[in-house]
Structure formats: C-alpha cells, structure tokens
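Sequence lines, in order, name chains A and B. So the mapping is simple: our numbering equals the position in the first sequence, first residue as 1, plus 19. So the mapping is simple: our numbering equals the position in the second sequence, first residue as 1, plus 30.
Treat the hints as calculated values from the structure; they're not laboratory data. If you're wondering where the values come from, they're calculated on a predicted model, not measured in any experiment. Positions of the beta carbon are idealized from the N, C-alpha and C atoms, including for glycine. Treat the hints loosely; a few may be bogus.
Said to hold, decoys possible - Listed next, the stretches of chain B that the computed footprint assigns to chain A, with coverage defined by at least 3 CB atoms under 8 Å from CB atoms of chain A:
id : stretch
1  : 68 to 74
2  : 109 to 119
3  : 157 to 166
To be verified - Beta-carbon label-pair distances, calculated as ranges:
id : chain 1 : residue 1 : chain 2 : residue 2 : range
4  : B       : 131       : A       : 46        : 50 to 58 Å
5  : B       : 140       : A       : 117       : 53 to 61 Å
6  : B       : 158       : A       : 96        : 19 to 27 Å
7  : A       : 96        : B       : 161       : 18 to 26 Å
Stated by the list, open to error - Capping the alpha-carbon separation at 30 Å, the derived lysine-lysine pairs in DSBU-like fashion look like this:
id : chain 1 : residue 1 : chain 2 : residue 2
8  : A       : 117       : B       : 137
9  : A       : 117       : B       : 112
10 : B       : 112       : A       : 135
11 : A       : 117       : B       : 139
12 : B       : 110       : A       : 130
13 : A       : 135       : B       : 110
14 : A       : 113       : B       : 110
15 : A       : 127       : B       : 161
16 : B       : 158       : A       : 117
17 : A       : 117       : B       : 143
18 : B       : 103       : B       : 161
19 : B       : 107       : A       : 127
20 : B       : 158       : B       : 139
21 : A       : 59        : B       : 110
22 : A       : 127       : B       : 112
23 : A       : 113       : B       : 112
24 : B       : 153       : A       : 113
25 : A       : 117       : B       : 107
26 : B       : 137       : B       : 153
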Amino acid sequence: MTKDIAQTEAKGLPRMKPATDILETGDGFFIYVDMPGVRKEDLIIDLSDDELRIGGRSAYQGVTNENRIHVEFGNVEYTRAFTLSHIVDRERIKATLKNGVLELHLPKAEKALPRKIQVELE
Amino acid sequence: MVIDMSPFYGGMDNFDRVFNELWGPLNISQRKVAYPPLNISEDADALYVRCEIPGVNVEDIDLTFTDATLVIKGERKIEKGKYFRQERPTGNFQRVVNINAPVDVDKVKAVAKNGLLEIRLPKSEDTKPRKISIDMN
C-alpha cells in the first residue's frame, strides 16, 4: 500500500478531475469545485477566449517521520476546463476559495438578463 | 449556458469511472464507498487522523471521541439554484474510526484547513517506551 503511493509520488502527482457543481441563479451562474488541500497561492484560474481553465495541486504536508497505517487519499493535481457562453460577463467573474471549495460566480451580462416587455395598446 | 467541453465531455462517465477506479488516488484503500476519505498515521507521540471534507464549515463538523472510537459526523449542504451538473456529494455523512491504543482524551486536538481536517490523538504517557535506569549496587 505504502509502496504504491511512493511510486506515484516519484512519477508526479496523479491527475484528477475535481467534482463540480454548475448551477444557475437569477443573476448568473455558480460553479463549485471541490479542491481539498489546495492553497490559494497554488490555485490557477485562466480565462482565454471562451475557455475557463482551473488547476491546482493539493499540498498536504509530507508525512515524513510518521508511520502510515491506513491511506485513502493523497496529493493530487486537479485540472478541469469549462466553456463559457457569450452571456457571461467576463469582466465581473469572481472566484473565492473557502474550506477547500472553489466558488466561481459568473454573472450574466446586462443584456442577457430577463427583461419585461411592455405590451402597448393600440 | 455554461457548457463543459473538456475532451471527456460528460464528467464522471463510465470511462472516467473505470479509469479512476484503476488509478485514482482515492482508491488506494479497499474501502471505496466510505466518505469522507481518511488517512491514519502515527508517530512516537500521537496518532493522526486526517480527512478530506471540502465545503463544510468547522462548526458543522461534529467530532466525538468515546472510549476507543472516534466519530466524524457532518452534513454537506446543497446550494439553491437550477442545477446543470451535480457531481459533489451532498447530505449527511459519518465515519467511525476505532482507535486501538490508549489515548490522552483531554489533549485531543482538531484543526481544519483548506478542506482538510486533521485530528491529533496524543498517546497516553503510560504506553510510551520508557528507559529504566539500572542502579549499581
């Protein structure tokens, strides 16, 4: 068991697609990405054209002189990409990292917000 | 709309799942279904239980230690809105860890950071190896 981990560490971190929720609310979209163990400094968010790319590696302290008894998770490299639609206002995208969850708020552009249309009487 | 156009469109599809089961870091242990995933290790002074619980506030994690069992309980809440994709687990979770070593209950400490919960269970003094000095007659 411990040997397996040592091998993956030597080859570089295993890559993983983080679990993601995408939802829509009245004023925009929210993307929640589970990235436990990723520090703010290690998080990469790239926006180019229509592609929003997120990445990061979890930074659990190396367990050096501890004896591993049971292992179910380890350091991984998270990577995932999303394609944005034209109704997202790129200038106002906001990202927050809290408790290992990355929250991206993608507000809809003003012109894409629902509007009431007045019906004029003849 | 936000559309995921990554090469393996469809998120955790069957292909991904098979792939992850074979090489995924979460599946090092035999217990695949248990949530949250946890690591247990020890050094000379203490036992360490670490688990990945992203998105849960510290106040919402319920840790209890009785006799020789450590219980980690909590709930992952759901956000309101219209879901296009939902992969993150939600709901109540609980895990029980049996600790087969005498632990100094008063000094058990837990720290949560970046979605990682670390519980330090110091071994009680009686179990530590002690040097016995031999008196010369």
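Hints, one by one, checked against the model:
{"no.": "1", "hint": "68 to 74", "result": "holds (count 6)"}
{"no.": "2", "hint": "109 to 119", "result": "holds (count 11)"}
{"no.": "3", "hint": "157 to 166", "result": "violated (count 0)"}
{"no.": "4", "hint": "B:131 <-> A:46: 50 to 58 Å", "result": "holds, 53 Å"}
{"no.": "5", "hint": "B:140 <-> A:117: 53 to 61 Å", "result": "violated, 18 Å"}
{"no.": "6", "hint": "B:158 <-> A:96: 19 to 27 Å", "result": "violated, 39 Å"}
{"no.": "7", "hint": "A:96 <-> B:161: 18 to 26 Å", "result": "violated, 45 Å"}
{"no.": "8", "hint": "A:117 <-> B:137", "result": "holds, 28 Å"}
{"no.": "9", "hint": "A:117 <-> B:112", "result": "holds, 22 Å"}
{"no.": "10", "hint": "B:112 <-> A:135", "result": "holds, 21 Å"}
{"no.": "11", "hint": "A:117 <-> B:139", "result": "holds, 22 Å"}
{"no.": "12", "hint": "B:110 <-> A:130", "result": "holds, 24 Å"}
{"no.": "13", "hint": "A:135 <-> B:110", "result": "holds, 24 Å"}
{"no.": "14", "hint": "A:113 <-> B:110", "result": "holds, 18 Å"}
{"no.": "15", "hint": "A:127 <-> B:161", "result": "violated, 69 Å"}
{"no.": "16", "hint": "B:158 <-> A:117", "result": "violated, 39 Å"}
{"no.": "17", "hint": "A:117 <-> B:143", "result": "holds, 9 Å"}
{"no.": "18", "hint": "B:103 <-> B:161", "result": "violated, 40 Å"}
{"no.": "19", "hint": "B:107 <-> A:127", "result": "holds, 25 Å"}
{"no.": "20", "hint": "B:158 <-> B:139", "result": "holds, 19 Å"}
{"no.": "21", "hint": "A:59 <-> B:110", "result": "holds, 25 Å"}
{"no.": "22", "hint": "A:127 <-> B:112", "result": "holds, 15 Å"}
{"no.": "23", "hint": "A:113 <-> B:112", "result": "holds, 19 Å"}
{"no.": "24", "hint": "B:153 <-> A:113", "result": "violated, 45 Å"}
{"no.": "25", "hint": "A:117 <-> B:107", "result": "holds, 14 Å"}
{"no.": "26", "hint": "B:137 <-> B:153", "result": "holds, 9 Å"}
Checked against the numbered hints listed earlier, the structure breaks hints 3, 5, 6, 7, 15, 16, 18, 24; every other hint is satisfied.
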